[in-house]
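S.K.: Listed here are the chains, written in short residue letters.
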Amino acid sequence: MKRLNTASLTKALPQLLSLLIILFLNYLAFPGFFEIRLQDGRLFGSLIDVLNRGAPVIILAIGMTAVIASRGVDLSVGAVMAVSGALAATMTVSGYPLPIVILTALGAGLVCGLWNGLLVAYFDLQPIVATLILMVAGRGVAQLITEGSIVTFNEPGLIYFGTGSFAGIPMPILIAALLLVAAIAVVRRTALGLLIESIGVNRSASSYAGLNSKMLLLVIYGFCGFCAALAGIIIAADIRGADANNAGLWLELDAILAVVIGGTSLFGGRFSILMSALGAIIIQAMNTGILLSGFPPEYNLILKALVIIVILLAQSFTSLGGWAFLKAEFRSKGTNGQ
Amino acid sequence: MSDEPGLLTVEGICKSFIGFKALDGVDFTIRPGEVHALLGENGAGKSTLIKVLTGVHQPDAGTIKIDGQAVHVRDTQHAQHLGIGTVYQEVNLLPDMSVADNLYIGRQPMRFGFIDRKRMEKQARELLAQYDLHLDVSSDLSRYSVAVQQLVAIARAVDMSGRILVLDEPTASLDRHETEILFAILRRLRARGLGIVFITHFLDQVYEICDRVTVLRNGKLAGSALTTELPKLELVSLMLGRTLAVATHNTRRDRPPAQIKQFSFDKLGRSRSIAPFDLEIGEGEVIGMAGLLGSGRTETAKVLFGIDPADTGQIRINGNPVVIRTPQEAVANGFGLCPEDRKSDGIIGDLSVRENIALALQAQRGWLKRLSSREQVALADKFVKALDIRTTDIEKPIKFLSGGNQQKVILARWLATNPRFLILDEPTRGIDVGAHAEIITLINQLCDDGMALLVISSEIDEIVAYSTRVVVLRDRAHRGELSGDDITTSNIMRMIAAEPQGAPA
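Protein sequences, first through last, are from chains A and B.
Heads up: the first sequence runs through residues 1 to 338, numbered per our numbering.
Heads up: the second sequence runs through residues 1 to 505, numbered per our numbering.
Chain A extracted, bound-state conformation (with noise of 0.2 angstroms):
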């Protein structure tokens, strides 16, 4: 057992050293970064809002983890975000109870996923082209229910989602841990785990074997779709308004980048959810750190892009025994010094 834990944590390794580092150049860049201080029953600090700022990417990151691991991919996710949060701001302004709105825009967004999934399972397209649809449609959907312009409310019920917090959490932090806990703990406790990676590896082979992969892609697909509604029902709650057009938009990209950071292959097959809530995690204390040096924000693409080289290039270098190499290299030069 205890050599496993040292394993996972010698494959973890590029991912925490670059988020150490990155926090490390966080504080370089604003001295109080690592403060934190409870406010009015409230957690602050610059911590605290990388998590909370980062929570939509990680509840994406664990619906894209799926996907990917099945093989597959979801561009959609952005626009369900808008879709859900165009129907949450306009089902409150139209003064539906807050139960019946939060479960129509989480339903909305499963059964978005659902029909991703119908398409890549039963209709068999790929799963670039099946949500790229949606992805194109999705967004013309939410300007629809939007009528165009943007939408907000006052609903208190609604924006505690977004700005609101619990034993001094915000709720945006909670959810995602919850949401974090809930999946991983289904994937271990259940077969599924085994079994999205078996598709994601061989769907034919598993298909043989008796595996329902097609109702397991729609399922996996589904939940894709889900987390997207409760992101987009956050980032709604926070901004206490609708916008069809922006809303979670280029998100699906952060998503499935933190899924690749986490460590899955884009190949489908072993995937890890935490490893890809922590690549979300990394993302957020990048863009944060951009914003908190003063560099103008356009430098932050760019930046982004050489820090998502670096942690990809460490990856396939642990991935490859690289550290390994290094060590017997380390010692036997140690040894010869001698």
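Keep in mind the hints are simulated off the structure, nothing from the lab.
Watch out, some of these pointers could steer you wrong.
What the hints assert, rightly or not - Stretch by stretch, here's where chain A covers chain B in the computed footprint (C-beta under 8 angstroms, at least three residues):
no. : segment
1   : 225–237
2   : 320–330
3   : 349–356
Claimed, not checked - No farther apart than 20 angstroms at their CA atoms in a straight line, the calculated lysine to aspartate or glutamate pairs in the DMTMM-like style are these:
no. : chain 1 : residue 1 : chain 2 : residue 2
4   : B       : K220      : B       : E11
5   : A       : K214      : B       : D27
6   : A       : K214      : A       : D124
7   : B       : K369      : B       : D308
8   : B       : K220      : B       : D204
9   : A       : K11       : B       : D350
10  : B       : K261      : B       : E481
11  : B       : K220      : B       : D24
12  : B       : K382      : B       : D449
13  : A       : K214      : B       : E329
14  : A       : K11       : B       : E395
15  : B       : K220      : B       : D350
Glycine included, C-beta positions come from ideal geometry on N, C-alpha and C.
Fit chain B to the given chain A structure using the hints.
M.R.: Leaving out everything else, chain B in the frame of chain A:
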């Protein structure tokens, strides 16, 4: 002939991988104008030797000589330059490019800085004409059968290298007719003075086409001899280092056939796949299914297992009608299927041996009832021991196992579900002699334990050895059934070839 200088001589080659000696002082000589069989069980060192010859691996010790001159093969391109061409088992061509592109890729004739397509296609036609292949060279390679693709690969290798041709299991996915075409071409290349290295698992083909045999065992040279001077039994014992113990006499046939046929398939068929057929099978029976490739054998298996569900007919189990439209329904009714194409339909390459074994049982239990890690390990340990699956660790990804051991893992996957009716599609294809014998022994054991088995195989001797009844297919239809003493190689061959059976009594 043996005094002739070798075209390519290898002396004392050693190659080690981490903690494991793949080649240990191997000598090997290819003479011009000979087909030289390179044999050995999986893991004997054949692939490593080939990879050393073709510059993929660098030897730790030993020399390689071409025409008596010591050479250092730097990489695969250098090997081609030295005249060594290779065609691998999985043809490494580009299916979505044209035949001509495949022949000349990387060395296309150019004109004004562009590929001179016209000239390239003309050259391609001329080149293929040497092999009596008249293809539309501008159409995609994938339009042609695996056999034709194989010939295109050979044509490319010979054209680029031209002195030594290494063929790694070229006949593994060819049917008899296609194999004969390939052999005709090999004879022609041999007459041109090429040295041909031929790796295969089919011993009959060794005697059909090869002049000389070299056998490797555990990385060492086990022996080398002219084919004419080496009886088959001696060859097999060279390969195994022991005598093969497969009962060729089928004792089961002496028993009365099963009276109750638990599984009955009535006029089952699928349009454009397999003509409606009747099939009945009882516990403790092995039905052998013979026929050429494409005769409808695999199609039958797919219909029975619900992969391509039947569009006509009825299935009864113990007299009760059941519906099988998906593999899940088949599994729920106690079916299992080891597919023909192990790599694409069988193994989950990146997952471990343990997970591969647990998969079908887990799928059957459903996702909520997870087999615990302990249960999975116990299951894997049990089958690794029972089937003698050779792996260093049950956590090793299955893709790193040899073909025979992968096949055993797939078998274990189904045996774990405790099936009542097991379909094996080419269970012994592409695996080494030792594993081959073990799988046949296993088939007999399972049958004795009361399982119903349907075994599809291209090896007719094998079918004769274990079947209680034999179904023969031709042109996507079941053409006849043999039982009892009628099950002989010659009867099956005649039925496949559509000749009247035995003497017209």
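S.K.: None of the hints should be skipped; say for each whether it holds.
M.R.: Hint check results:
Under a criterion of three residues with beta carbons nearer than 8 angstroms to beta carbons of chain A, the stated coverage of the segment 225–237 of chain B fails, only 0 such residues being counted. Requiring three or more residues with a Cβ within less than 8 angstroms of a Cβ of chain A, the coverage given for the segment 320–330 of chain B holds, as 4 such residues are present. Counting residues of the segment 349–356 of chain B whose C-beta sits closer than 8 angstroms to any C-beta of chain A gives 4, which meets the bar of three, so the coverage hint holds. Pair hint K220 (chain B) plus E11 (chain B) holds up; C-alpha atoms about 12 angstroms apart against a cutoff of 20 angstroms.
Taken as a hint, the K214 (chain A) and D27 (chain B) pair is broken in the structure, with Cα atoms around 53 angstroms apart against an allowance of 20 angstroms. The hinted pair formed by K214 (chain A) and D124 (chain A) meets the criterion: a straight-line CA distance of about 10 angstroms does not exceed 20 angstroms. Distance restraint check for K369 (chain B) and D308 (chain B): the Cα-Cα separation of roughly 28 angstroms exceeds the 20 angstroms cut-off, and the hinted pair is therefore not satisfied. Taking the CA atoms of K220 (chain B) and D204 (chain B), the gap is near 24 angstroms; set against the 20 angstroms cutoff, the hint is violated.
Between K11 (chain A) and D350 (chain B), the direct Cα distance comes to roughly 17 angstroms. Compliance with the 20 angstroms bound is thereby established for this hinted pair. Annotation: proposed proximity of K261 (chain B) to E481 (chain B) holds, straight-line Cα distance about 16 angstroms (limit 20 angstroms). For the suggested pair K220 (chain B) and D24 (chain B), the alpha carbons sit about 5 angstroms apart, so the restraint of at most 20 angstroms is met. Our distance criterion of 20 angstroms between C-alpha atoms is met by K382 (chain B) and D449 (chain B), whose separation comes to about 18 angstroms.
The straight-line distance between the Cα atoms of K214 (chain A) and E329 (chain B) is roughly 14 angstroms, inside the 20 angstroms bound, and the hint therefore holds. For the given pair, K11 (chain A) sits about 17 angstroms from E395 (chain B) by alpha-carbon distance, which is consistent with the 20 angstroms threshold. Restraint check for K220 (chain B) and D350 (chain B): the C-alpha separation of about 31 angstroms exceeds 20 angstroms, so the hint is violated.
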